[in-house]
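Visitor: Produce the complete structure using the sequences and hints provided.
Chain residues, written in single-letter form:
4 protein chains.
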Amino acid sequence: MFNILYSIGIFSVFHYLRGDINRVSMIRFDSDYIEGAHPAIIEVLAKSNFEQHAGYGCDEYCARARDIIRSHCKDESLGVEFLVGGTQANVTVIDAFLRSYQGVISADSGHINVHETGAPEATGHKVIALPSSDGRLSLEQIAECYHNHWNDHSHEHTVQPGMVYLSCPAENGLIYSKAELTAISEFCHANGLYLFLDGARLGYGLMSEDCDFTLSDLARLCDVFYIGGTKVGALFGEAVVFKEKEMHRSFRYAIKQHGGMLAKGRLLGIQFEQLLTGGEDCLYFRLARHANRLANRIRTAFEKKGIPMWIPSRTNMQFPVLTKEQQEILMKKYVSEFWCKYDGERDVVRFCTSWATCEENVDQLCKDIEELL
Amino acid sequence: MFNILYSIGIFSVFHYLRGDINRVSMIRFDSDYIEGAHPAIIEVLAKSNFEQHAGYGCDEYCARARDIIRSHCKDESLGVEFLVGGTQANVTVIDAFLRSYQGVISADSGHINVHETGAPEATGHKVIALPSSDGRLSLEQIAECYHNHWNDHSHEHTVQPGMVYLSCPAENGLIYSKAELTAISEFCHANGLYLFLDGARLGYGLMSEDCDFTLSDLARLCDVFYIGGTKVGALFGEAVVFKEKEMHRSFRYAIKQHGGMLAKGRLLGIQFEQLLTGGEDCLYFRLARHANRLANRIRTAFEKKGIPMWIPSRTNMQFPVLTKEQQEILMKKYVSEFWCKYDGERDVVRFCTSWATCEENVDQLCKDIEELL
Amino acid sequence: MFNILYSIGIFSVFHYLRGDINRVSMIRFDSDYIEGAHPAIIEVLAKSNFEQHAGYGCDEYCARARDIIRSHCKDESLGVEFLVGGTQANVTVIDAFLRSYQGVISADSGHINVHETGAPEATGHKVIALPSSDGRLSLEQIAECYHNHWNDHSHEHTVQPGMVYLSCPAENGLIYSKAELTAISEFCHANGLYLFLDGARLGYGLMSEDCDFTLSDLARLCDVFYIGGTKVGALFGEAVVFKEKEMHRSFRYAIKQHGGMLAKGRLLGIQFEQLLTGGEDCLYFRLARHANRLANRIRTAFEKKGIPMWIPSRTNMQFPVLTKEQQEILMKKYVSEFWCKYDGERDVVRFCTSWATCEENVDQLCKDIEELL
Amino acid sequence: MFNILYSIGIFSVFHYLRGDINRVSMIRFDSDYIEGAHPAIIEVLAKSNFEQHAGYGCDEYCARARDIIRSHCKDESLGVEFLVGGTQANVTVIDAFLRSYQGVISADSGHINVHETGAPEATGHKVIALPSSDGRLSLEQIAECYHNHWNDHSHEHTVQPGMVYLSCPAENGLIYSKAELTAISEFCHANGLYLFLDGARLGYGLMSEDCDFTLSDLARLCDVFYIGGTKVGALFGEAVVFKEKEMHRSFRYAIKQHGGMLAKGRLLGIQFEQLLTGGEDCLYFRLARHANRLANRIRTAFEKKGIPMWIPSRTNMQFPVLTKEQQEILMKKYVSEFWCKYDGERDVVRFCTSWATCEENVDQLCKDIEELL
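From first to last, the protein sequence lines are chains A, B, C and D.
The opening position of the first sequence corresponds to residue 64 in the numbering used here, with each subsequent residue numbered one higher.
The opening position of the second sequence corresponds to residue 64 in the numbering used here, with each subsequent residue numbered one higher.
The opening position of the third sequence corresponds to residue 64 in the numbering used here, with each subsequent residue numbered one higher.
The opening position of the fourth sequence corresponds to residue 64 in the numbering used here, with each subsequent residue numbered one higher.
The hints are simulated quantities; they were obtained by calculation from the structure and are not laboratory data.
None of these values were measured; they are calculated from a predicted model.
Please note: incorrect hints may appear among the correct ones.
Since the list can't tell identical chains apart, any single copy or any two copies may satisfy a pair.
[What the hints assert, rightly or not] Distance condition first, Cα-Cα at most 30 Å in a straight line; then the derived DSBU-like pairs of lysine-lysine: (1) Lys430 x Lys404; (2) Lys110 x Lys395; (3) Lys430 x Lys396; (4) Lys395 x Lys367; (5) Lys396 x Lys110; (6) Lys395 x Lys368; (7) Lys430 x Lys387; (8) Lys404 x Lys367; (9) Lys404 x Lys387; (10) Lys368 x Lys387; (11) Lys367 x Lys387.
Guide: Below you can see the structure in the form of structure tokens.
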């Protein structure tokens, strides 16, 4: 891990931070947002602290970060706005794009449906939840939902589908293929639906070995998506990217109305400039690759041991199916997250790496997995 | 850079930052949130960066910050939650406390009525705006509004007043007296109205020479108020303090529902711990006194020159009434904010100091005021 | 002016009613609200037409209707308000009773979840939809949902259950037993949940041979329920009955805010006075018994023929499982409603009687069922 | 079943109407919706009672009523939907047409701003209230509000104007001229604002001697307006007319979502068919002319007596400025409505006629005015 850190030239920064890390006796794999931000970000936040800037995202950092994102997306006409968190981004997008009588199609396991305290509904929009065994929506499901709506003679008595919401990676680490995204995008645009992709963990998805799409593909296929910073190296921040030039004029109203316009907006610009500068080799991608590589090591360790994986994730979250005994042993040293029951005797458990996960901790975990019963 | 971080003596911090300030050729008095945060905050953010913490404000920093605030307020039973920004705090409070058919009484110049893109209305609550010449509401106005409502035989056809919203300091720097707050509080509580005080600039109010109330008074008189960090030394953050034990159980739902629950909540805890540790001599108060003292110097300079002040503010915002010529001269060197027209020839202009304002810049401004025509 | 009134010849108003009925060549069993209102209602509407009354439900008809309902419910302290339609009643109740961060537990087939164009969500409240094979919720489901919520350590990230919504009869004609309602009521009240019963077809439920509860039981067990008029003899109208004295003061605000306060409110009072006067032998009950009796005749005819019923409904809606051939034959003469597929060859079809269904038409239908293949 | 129907003796329904009127000892001029509906409407409601019709406004009565309205408006492409009440119509239109971050410009005395319990805000939209001395908005005001918004560099922090709401007649009986409406319409359409005209009392406006516009003009100038039935001869009902073909597809969703879709929609179609059949001599216009003529008689009586009128209304509401003594004398026999204070000694009082006002009562009132001190 610290190879990366040192390669950026942040030398003195972490020197004294190691003590803090070691202070915690348990090794945590329970989440990808338990640490702060990559030191390169902290450094620029500190360095720029006394600069005087216009508020609300109208500063030069934000301007540059917008341009960097447009460059990644190969589209100068894109709108880009920065928000603090994912729920905020989700509801702002949903409420800004949809008409009052429209709802958003989502997998039933989608974050907007289960973990946002009804935030979309609080803006008046129903989540049209479709069953999903793996956290993803298929074109068939979307099409069936859409056609069922319009074929229903009493369709005016049900919520009009106005948007499709995809999570990529989904809650369980799976991503879509470019072909799947293309097919869904074409269906949406042929039928007047907006396509919105929640990219709270987008970095881990883009850098997955399974991934065959790029930011530029997303910018082309989606009407709006966001590049998640909070879980991939930033203190906080989600960069919302949207196609509609017209919406740009008004999207900032929606941000303010939903309480999401950060007074010192440059804090967001600074972070995304740091994360995304450097094209294919930008910090954001390097951090995501780091996390994915460590996650793959963990998965391989489980598989070698003959422990089945619940889902074939190739991103930073891995879901082994563990017996109670195996869980007990690992839980003495590691913090992971119970995900769901698998069968009478075994549970699905989530192990999560992040940009901040230490190689040494993964070494230890893999060794301990090897020694499991 | 990181030398600074090691020395908590704030002296050296500004020293090396002067370069940044001077880089900007204009001297800015247009706002109190153009810089970042006090260096003591930046330092702890950096130092704690690799600590691993529970998210969403359930970490130890937040726990300690809550206790410090309860101690300032001399009430262990208070609820305290941390939000990122003021609009977010306002709508979360309004929507959490009010019933769907209730509205909030505010001065027509109140932030919730004019500068939040209708955020309270977006949660369903009408702002019952009362005319105010000085940004404040009087007990008489509130009582009249309340009684007019209930005396109206068709009161069910109008929004039921459910809350009184006060800004302190108000948009123009004025504060309430303890007697005024007490009278309003008694009226509210005798009549089933919540009293909510917007303290986005509370530090400057509390440290004003005019101020005869304390945090502990506010905690006693208000049902809910907040201690603004964004404009008084923090990168961002507002600490919402509320009396109702019962609401505490549910206020966090409201935060999440309004997209205001910061994943890495410790960022807020860290800042408020830094700002408020130390009782009467805490950083928050010291920074506010600094800004008020400089604002008073500016006011005195104008008054000595015979230039009238629009409003008798004793906080960090001063409002001289300037001729076009005077404005032109000052605008060559200083950025201030046009506030409103005063008469055919003169305008009200806002000069704003902050925790980050340099004494030297005020020296210069005072000198230039002295030399005005 | 009155020349106009008399020139129309109001005399022979009713005598061609029978002709109109016969004019329609198809015999309709597709819905229980295709006709107007019971003639007794029309008569009083006409008779009272030139009376001058206070608006908005503050007239004497409404006052008397409220008292009659309180008398049926054996509780003088109940609040009673009259609304025009069911969706209006549902959202007004949900929004008036719930706090902003609360949702309402409903069967996934519940009217609020599927046939109100997201009206509850438009007021900000998520419908927490639980799977239901027969349109009803069990105590076990409700308790599991409730406990899952509060046992979840991140429960603040999900909608707080605040109310249980039951339909009785449900969309498929089934009702609850008094024991079931009592158990659910006790659970709700032990756990701070409101119990709300949607009685759009309540008359048919109360007069069902299966029914062992009364209006007075409902008034005791529910916090709020309504007595549906639209589908049981009225032109329109739902009488919302609620326990909370406190809510009464404010429920009318919620009505007005949701656009549900009828200017000429006496129209509602007149209808409910007509329907409910007469205790156990009131028109409302007589009309419901009429519809149920005819529905039972239809069911018996199907059963005699060996045609299975999808669900053991004892109210005005019957759901035979019919082959395509059987459907084709019946559809030549009768309008019924396709409900859902049963298996590859058969569908569930709804036959609906109402207060206005003619005995002769049921005679004919039963005969035709008998002659089915 | 039909035994019941015939046992009631529906025969002599109408012949005691006159007696009911005389039963009330006071003569009421306090409102235009204290009676039921014009008998022609009651008759058809009764006559059609047993017809079987599709629900939700999809019946033949509604279809014919839509065509009659399109014919009045000389535009076959118009959308027409029927709602039960004015507040419902207002919020459905506002919420259907506006984007979430937009507000509606209204006179501060506008019904949506003062008498709808915050219904527009409950759908998320702020009412941008402009001061109005006579209940109307001028082009200058609208333009100033619009330009102030877009010229404000922080316009994203305020609600974006999306619609102009006019009441015609306004709350005090005044109407707009065709030239005024045309100018406002042109401004709106040049600047992307919808023009919405609240016509709750439209009949009285159209038939005013001052009126120089027609339904066809309104249909051309407004994006959406409604023809009020409740106050001009119907039991209830407002016919919303809108230009946008595209909106038509979705406006019905908005109706349902706001609880405004009447199950037995034909009740609305029947009423508007009765009111508007007959072109320039339709019942709606005749009833309005009747009310206006009687209101003019009342005004003339006051003016002859030297009593000043508060406002030059030429519709069905008249506002004499009366001394306390004059009020006391008239209040012994007549019910009128206190409107507002005029000066220390005199009040503005509203006298309201309607389609149902008797000539004899106006004779008496005029005589009593003549005999006033």
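Visitor: Which of the listed hints are broken here?
Guide: none
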